[in-house]
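Asker: Sequence lines, in order, name chains A and B.
Residue numbers for the first sequence, in our numbering: 28 to 325.
Residue numbers for the second sequence, in our numbering: 28 to 325.
By construction, these hints were calculated from the structure, which means they are not laboratory data.
Heads up, a few of these hints could be off.
Treat identical chains as interchangeable: a pair holds within one or across any two.
In silico SDA-like cross-links for lysine to any residue, where the CA-CA straight-line distance does not exceed 20 Å [stated by the list, open to error]:
1. Lys217 <-> Asp318
2. Lys230 <-> Gln270
3. Lys322 <-> Ala203
4. Lys230 <-> Glu275
5. Lys230 <-> Leu61
6. Lys217 <-> Asp207
7. Lys255 <-> Asp318
8. Lys217 <-> Gly201
9. Lys230 <-> Leu301
10. Lys322 <-> Glu232
11. Lys322 <-> Ala36
Predicted model only: the values in this text are computed from it and were never measured.
Protein chains: 2
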Amino acid sequence: MNFADRVEAAVRARQSQIVLGLDPDPLRLLPQALDAAGEGSPAERAAEAVTAHCRLLIAAAKEACVAVKLQLACFERLGAPGWNAMSRVAAAARDAGLLVIADGKRGDVPHTAEAYAQGLLGETPTPWGNVPGLGADAVTANPLLGQDSLEPIVSAARAAGSGVFVLVRTSNPGAAALQDDGAGEPLHVKLARLVHGLGITGKGECGLSDIGAVVAATRADMLASFRKLMPAAIFLLPGVGAQGGRAEDLGPAFGPGRGAALVAASRAIIEPALDAGAAAAAGQTAERLRDTVWKLSA
Amino acid sequence: MNFADRVEAAVRARQSQIVLGLDPDPLRLLPQALDAAGEGSPAERAAEAVTAHCRLLIAAAKEACVAVKLQLACFERLGAPGWNAMSRVAAAARDAGLLVIADGKRGDVPHTAEAYAQGLLGETPTPWGNVPGLGADAVTANPLLGQDSLEPIVSAARAAGSGVFVLVRTSNPGAAALQDDGAGEPLHVKLARLVHGLGITGKGECGLSDIGAVVAATRADMLASFRKLMPAAIFLLPGVGAQGGRAEDLGPAFGPGRGAALVAASRAIIEPALDAGAAAAAGQTAERLRDTVWKLSA
């Protein structure tokens with residue numbers, strides 16, 4: 028099944044476009060998660076606690092969300108135990124009926140991009156049998172190396188019914204100097220054209236494509252022009268909350284329909300739970316965000 | 028000690044600028060490595076064999092090389108066992124007196140870039156003690172997100188006496204469309220200016236900087252202009268051999284001195300060993316490459 032159709036169906040079933048961003052910091056975990064640390068090395072204990080923390084947040088927020096976004100850096104920094112934690116959190120999200128977006132922003136020459144695709148979207152053949160990858164429903168990808176660097180990831184995603192969100196305009200302040208620059212045509216316009224081109228052959232029945240774009244929620248003023256450049260792309264919108272983006276401003280992203288954009292929030296959902304010392308608060312924040320976005324996507 | 032001074036000293040001690048690229052494919056391993064697979068899951072067996080393969084190559088080629096470059100994708104795709112294999116290969120390289128370059132081309136918003144820096148260059152604080160990172164001597168970084176996304180990686184590297192190689196012009200055919208494009212000033216020129224700017228405060232006694240640049244060995248015609256734009260940057264030059272770059276053409280990269288560029292070769296060194304079924308052939312190929320580059324860097 029085409030990724031865009033899967034997103035469209037999931038958004039309608041859950042009446043939500045909210046993506047729970049999971050970027051666990053071992054120093055900022057829910058109190059109940061700390062109890063799960065058990066015995067072992069610091070990495071092993073932190074990985075157990077991180078897994079428990081993410082599971083608690085998934086359980087609390089799942090009804091209000093359509094997907095989780097795993098920030099690979101936050102698991103990787105715990106080494107092998109962190110990589111195991113990431114697999115277990117992905118499984119917990121799938122069990123909760125949520126799509127899994129692996130946010131690693133990988134990008135490399137084609138030979139290497141294929142290895143990243145095997146690890147996140149496919150499997151790795153070995154003489155001892157195939158090694159299953161993370162099984163992500165979608166990945167984020169960095170397009171700096173150009174179209175040939177994205178193609179192995181696009182192929183692997185498409186073969187699995189998964190999707191790719193390509194960076195077009197990121198949400199950090201420093202993005203402007205490179206991404207918005209260019210005499211004549213800014214870099215973000217070239218990237219948007221690249222996304223549109225890669226997506227043409229990946230459209231689902233809903234009319235949207237399996238190749239999406241990461242577009243900053245902090246620059247809602249750009250959404251209408253991005254929508255014109257990429258009429259079939261699903262937008263993944265980070266930057267609501269901690270980074271200053273406002274959910275109320277994201278309407279133009281939803282022109283093609285309810286499933287045309289996903290709103291990722293990490294700290295905006297999780298900080299209230301940390302402040303309250305209880306995961307339930309994350310569910311309430313996610314629910315309010317869900318409600319705001321659902322109404323403006325009508 | 029400043030990273031550039033460490034590179035300069037290592038290059039002089041070894042009379043080599045060659046970087047052994049390790050991007051192990053479980054289907055293309057040395058015969059002796061297959062015997063090391065032992066028991067366990069496909070991922071565990073493949074990770075053991077990959078570790079043995081890399082150790083054999085390091086042992087065979089170490090005298091001709093100054094560093095190894097670990098292609099993170101190739102370890103990641105084996106999951107947690109692959110991450111362990113990467114740590115063990117890094118340790119083997121260090122024991123052989125080689126610098127370790129973690130080639131992950133990471134790039135993300137500052138908050139996340141800090142997590143990548145902890146995992147590769149620093150350590151991650153947890154309530155159970157600090158989790159040590161990979162301890163890389165240098166990392167590659169993707170600058171698409173702009174200067175603020177690089178700064179946490181630069182800070183962490185500098186604090187550890189390590190370095191950062193920022194992508195400026197990559198070696199894949201598709202790089203041209205984005206990196207060489209731009210009315211007035213191509214993107215690669217902007218990236219070169221960014222690298223130069225970040226490196227100004229990181230110069231060692233040798234006059235080179237701890238912020239280097241990845242520049243394609245396949246585009247030797249661009250090296251002289253890159254050298255003008257980045258007079259203090261150490262160039263990391265991939266693309267010799269399999270991708271079509273010729274070591275003989277890399278002279279302009281070495282204008283500032285012997286330590287001003289490192290030549291990365293993966294398949295060019297490893298394929299002869301696979302064809303021969305013996306790691307020793309990798310040592311001979313690396314030695315020839317070392318000799319060619321050392322002469323033209325005079």
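Asker: Each hint: holds or not?
Answerer: Hint-by-hint comparison with the structure:
Within a single copy, Lys217 and Asp318 get their C-alpha atoms no closer than 34 Å, and across copies no closer than 42 Å, so neither meets the 20 Å cut-off. Proximity of Lys230 and Gln270 under a CA criterion of 20 Å is satisfied in neither setting, with 32 Å inside one chain copy and 33 Å between copies. For a Cα distance limit of 20 Å, the shortest separation of Lys322 from Ala203 qualifies neither inside one copy, at 30 Å, nor across copies, at 43 Å. For the homomeric pair Lys230 and Glu275, neither the shortest alpha-carbon distance inside one copy (28 Å) nor that between copies (47 Å) is at most 20 Å.
For a Cα distance limit of 20 Å, the shortest separation of Lys230 from Leu61 qualifies neither inside one copy, at 44 Å, nor across copies, at 43 Å. For the identical chains of this complex, Lys217 and Asp207 are neighbours both inside a copy (10 Å) and across copies (12 Å), given an alpha-carbon limit of 20 Å. Taking CA atoms no more than 20 Å apart as the test, Lys255 paired with Asp318 passes in neither setting, with 26 Å inside one copy and 55 Å between copies. In this assembly of identical chains, the alpha carbons of Lys217 and Gly201 lie at most 20 Å apart whether taken from the same copy (18 Å) or from different copies (14 Å).
Neither within a single protomer nor between protomers do Lys230 and Leu301 lie at most 20 Å apart by alpha-carbon distance, with minima of 40 Å and 42 Å respectively. With identical chains, the CA atoms of Lys322 and Glu232 are never at most 20 Å apart, being 24 Å at best within one copy and 61 Å at best between copies. Proximity of Lys322 to Ala36 under the C-alpha cut-off of 20 Å is restricted to the intra-copy arrangement: shortest distance 18 Å within a copy versus 63 Å between copies.
In the structure shown, a violation is registered for the earlier hints numbered 1, 2, 3, 4, 5, 7, 9, 10, in ascending order.
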